[in-house]
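Asker: Each chain, letter by letter, is given below.
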Amino acid sequence: SQQGEEDPQALSIQEGENATMNCSYKTSINNLQWYRQNSGRGLVHLILIRSNEREKHSGRLRVTLDTSKKSSSLLITASRAADTASYFCATAGVPADKLIFGTGTRLQVFP
Amino acid sequence: SAVISQKPSRDICQRGTSLTIQCQVDSQVTMMFWYRQQPGQSLTLIATANQGSEATYESGFVIDKFPISRPNLTFSTLTVSNMSPEDSSIYLCSVPHRAFLSGEQFFGPGTRLTVL
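First to last, the protein sequences are chains A and B.
Heads up: the first sequence begins at 1 in the numbering used here, then just goes up one per residue.
Heads up: the second sequence begins at 112 in the numbering used here, then just goes up one per residue.
Among the hints, erroneous ones may be present.
Derived DSS-like pairs: lysine-lysine, alpha-carbon spacing no greater than 30 Å straight-line [claimed, not checked]: (1) A:K98 / B:K118; (2) A:K56 / A:K70; (3) B:K118 / A:K69; (4) A:K70 / A:K98; (5) B:K176 / A:K26; (6) A:K56 / A:K98; (7) A:K56 / A:K69; (8) B:K118 / B:K176; (9) A:K98 / A:K69.
Which bits of chain B does chain A cover? Going by a derived footprint, with three or more residues having C-beta under 8 Å, they are [to be verified]: (10) 182-188; (11) 216-226.
Per label pair, the in silico range of CB-to-CB distance [unchecked claim]: (12) A:E17 / B:F172: 36 to 42 Å; (13) A:S24 / B:G163: 36 to 42 Å; (14) A:T20 / B:P150: 24 to 30 Å; (15) B:P150 / A:L75: 33 to 39 Å; (16) B:N193 / A:E17: 45 to 51 Å; (17) B:R126 / A:T64: 26 to 32 Å; (18) A:L75 / B:R121: 32 to 38 Å.
Note that these hints are calculated values from the structure, not bench results.
From the three backbone atoms N, C-alpha and C, an ideal C-beta is built for every residue, glycine too.
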C-alpha cells in the first residue's frame, strides 16, 4: 500500500495547548495537504503545501514539509475544544490527479 | 468552493443486496472521485469517474463490485453490489478544486453504510 503513516494515532490535550501531528509518505509528491474530519463526516481541506515549499501558515495552523525525509507536520496552536476531530494528511503525486491519504490522527481537545 | 450532496446519508442493508449512492455537485466538473472509509480507518480511493468514459478503478476494486455511472458533469452514482458486512463503511465522493493542478479536493458529507 502507498498509504502514508501518521503519528500519533491519537492525541489528547487541554484547550490552549499546541497539537502536533506528523505524516510520512513514500513516493515523490507534487504537494501535501491536510484535511479535517468531524465524527465520520465529510472532509474539510485545511492547507496545502507544495513540494518546493518548506513551511506554510494559515491562521493557527502551521505546516512544514521535508521532502528529503518524506515527512510533514501539522501544528495547531492555542487549540480549542472545537478542534476536536480526525486529521489526515494526503499526498498528490505527479501528475496531481489523485490523493493518497495517511492513516490519520484523532485529536481530542478538552475544555 | 463546490457544494456536494450525497444520498442517502446513511443506510442499513441486508447482505446480498445492492445499494446505489448518489453524488450531486453544484457545478460542472470533469473528474469525480469515490472513496471508501472503513470503520476507524483512513480513506481509500475506489475509482475516478470521468464523464463520457469508463471509470478508472484502483487496485483491489473492480467494476462488478462497484459499478459507477457518470451521466453528466454534475452527477455520479456508485453502486455497492452483493454486499457483505465487510462493505460496511463510509463512502465519500469528491471533486477537484477548479484550479485542479493543485490537487485539492472538495468532499461530500459521505454515506454511512451498515451491512447486516
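Asker: Flag every earlier hint the structure violates by its number, smallest first.
Answerer: The structure conflicts with hints 3, 10, 15 and 17, although it agrees with all the remaining ones.
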